[in-house]
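Sequences listed follow chains W and X, in order.
First residue of the first sequence: 18, per the numbering used here; consecutive thereafter.
First residue of the second sequence: 18, per the numbering used here; consecutive thereafter.
Because the hints were derived from the structure by calculation, they are not lab data.
Hints are not guaranteed to be accurate.
Since the list can't tell identical chains apart, any single copy or any two copies may satisfy a pair.
[Unchecked claim] When the alpha-carbon atoms are kept at most 25 Å apart in a straight line, the in silico SDA-like pairs for lysine to any residue are as follows:
{"hint": "1", "residue 1": "Lys101", "residue 2": "Gly129"}
{"hint": "2", "residue 1": "Lys101", "residue 2": "Gly136"}
{"hint": "3", "residue 1": "Lys107", "residue 2": "Gly129"}
{"hint": "4", "residue 1": "Lys107", "residue 2": "Glu125"}
{"hint": "5", "residue 1": "Lys107", "residue 2": "Arg29"}
{"hint": "6", "residue 1": "Lys19", "residue 2": "Thr128"}
{"hint": "7", "residue 1": "Lys107", "residue 2": "Ala32"}
{"hint": "8", "residue 1": "Lys19", "residue 2": "Gly133"}
{"hint": "9", "residue 1": "Lys101", "residue 2": "Arg43"}
{"hint": "10", "residue 1": "Lys19", "residue 2": "Gly129"}
{"hint": "11", "residue 1": "Lys19", "residue 2": "Ala31"}
{"hint": "12", "residue 1": "Lys107", "residue 2": "Ala91"}
{"hint": "13", "residue 1": "Lys19", "residue 2": "Arg30"}
{"hint": "14", "residue 1": "Lys19", "residue 2": "Ala32"}
{"hint": "15", "residue 1": "Lys101", "residue 2": "Leu134"}
Number of protein chains: 2
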Amino acid sequence: MKTLLLVAHGSRRAASNEEVQIITRRLAVQAIGRYDLVDCAFLEIASPLIPEAIQDLIDRGATQVVVLPYFLSAGRHVAEDIPKEVEGVKQANPGVDIRIVPHLGSAEGMTGLLLGLAGD
Amino acid sequence: MKTLLLVAHGSRRAASNEEVQIITRRLAVQAIGRYDLVDCAFLEIASPLIPEAIQDLIDRGATQVVVLPYFLSAGRHVAEDIPKEVEGVKQANPGVDIRIVPHLGSAEGMTGLLLGLAGD
């Protein structure tokens with residue numbers, strides 16, 4: 018059972034966290050047939066946090082969890098904090114394939130997306 | 018003369034600002050034939066700031082400046098701070114078409130980009 022977890026930073030502004038939930042729902046619709054479950058988690062401040070969200074996916078039957086950092090910059094959060102949060106739940110569930118894929122800011126298609134927004 | 022200005026938040030971490038400059042260079046390559054100049058600016062902390070970057074594009078001959086917020090969330094920075102920064106230089110240059118387009122987080126193609134990163 019393949020699952021996808023979109024991980025955002027988390028904000029004190031509730032509307033920002035809701036935006037992440039909205040894009041997660043759009044992602045779930047587009048992922049039908051490719052992922053059985055799509056959910057989101059937050060590195061800090063907002064709920065659910067990364068370990069509990071991954072554990073929840075596993076409890077619901079996940080055999081694979083793809084962790085996708087919804088971050089523009091390859092900073093400390095992406096390089097250190099997210100891997101650290103993932104590590105514990107990974108060790109507790111050695112039979113589950115838990116992998117972190119490259120963060121949003123590194124996406125090849127980013128420039129095309131930006132040019133589309135610019136109106137061209 | 019059409020120009021495009023990618024506006025990021027700006028970070029105390031120099032590598033994060035350099036990432037914005039790198040994506041701006043990639044954007045400039047992809048925008049050849051559509052924009053005559055592509056540059057970046059920062060809302061705060063890093064240089065150049067938005068008003069000086071827009072003024073620089075105008076000094077170099079821009080008749081149109083498309084301001085593109087490199088932000089995931091539609092928060093205060095996108096809704097209030099960037100428009101405020103743009104407003105002064107807009108009033109000082111009434112002959113130049115300066116427009117702010119929707120922020121990155123609102124892009125229709127975002128979910129497709131995310132699924133691509135996830136490896137599907």
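| Can you tell me if Lys19 and Gly133 fall within 25 Å by alpha carbon in one copy, between copies, both or neither? | between (31 Å within a copy, 15 Å between copies)
| field | Identical-chain pair category, Lys107 with Glu125, by Cα at 25 Å | value | neither (28 Å within a copy, 33 Å between copies)
| task | Tell me, please, which holds for Lys19 and Thr128 at an alpha-carbon limit of 25 Å: within, between, both or neither? | result | between (29 Å within a copy, 17 Å between copies)
| message | Reference check for the pair Lys101 and Leu134, CA-CA at most 25 Å: within, between, both, or neither? | response | between (34 Å within a copy, 20 Å between copies)
| Up to 25 Å CA-CA - Arg30 versus Lys19, copy category | For Lys19 and Arg30, the Cα distance exceeds 25 Å both inside one copy (31 Å) and across copies (36 Å).
| request: Give the relationship of Lys19 and Gly129 under a CA distance limit of 25 Å: within one copy only, between copies only, both, or neither. | output: between (28 Å within a copy, 18 Å between copies)
| request: Go through the copies and call it for Lys101 and Gly129: within, between, both or neither, with a Cα cutoff of 25 Å. | output: The answer is neither: 32 Å in one copy and 27 Å across copies each exceed 25 Å.
| said: Within, between, both or neither: how does the pair Lys107, Arg29 come out at a Cα-Cα threshold of 25 Å? | reply: neither (28 Å within a copy, 32 Å between copies)
| said: As a check of your reading, is Lys107 near Ala91 (CA-CA no more than 25 Å) within one copy, between copies, both or neither? | reply: within (22 Å within a copy, 33 Å between copies)
| request: At 25 Å max between alpha carbons, let me know whether Lys19 reaches Ala31 within a copy, between copies, both or neither. | output: neither (29 Å within a copy, 37 Å between copies)
| Within a copy, between copies, both or neither: where do Lys101 and Arg43 come within 25 Å Cα-Cα? | For Lys101 and Arg43, the Cα distance exceeds 25 Å both inside one copy (28 Å) and across copies (31 Å).
| said: At most 25 Å between CA atoms: does that hold for Lys107 and Ala32 within a copy, between copies, both, or neither? | reply: neither (31 Å within a copy, 29 Å between copies)
Violation of the numbered hints given earlier is confined to hints 1, 3, 4, 5, 7, 9, 11, 13 and 14; the remaining hints are satisfied by the structure.
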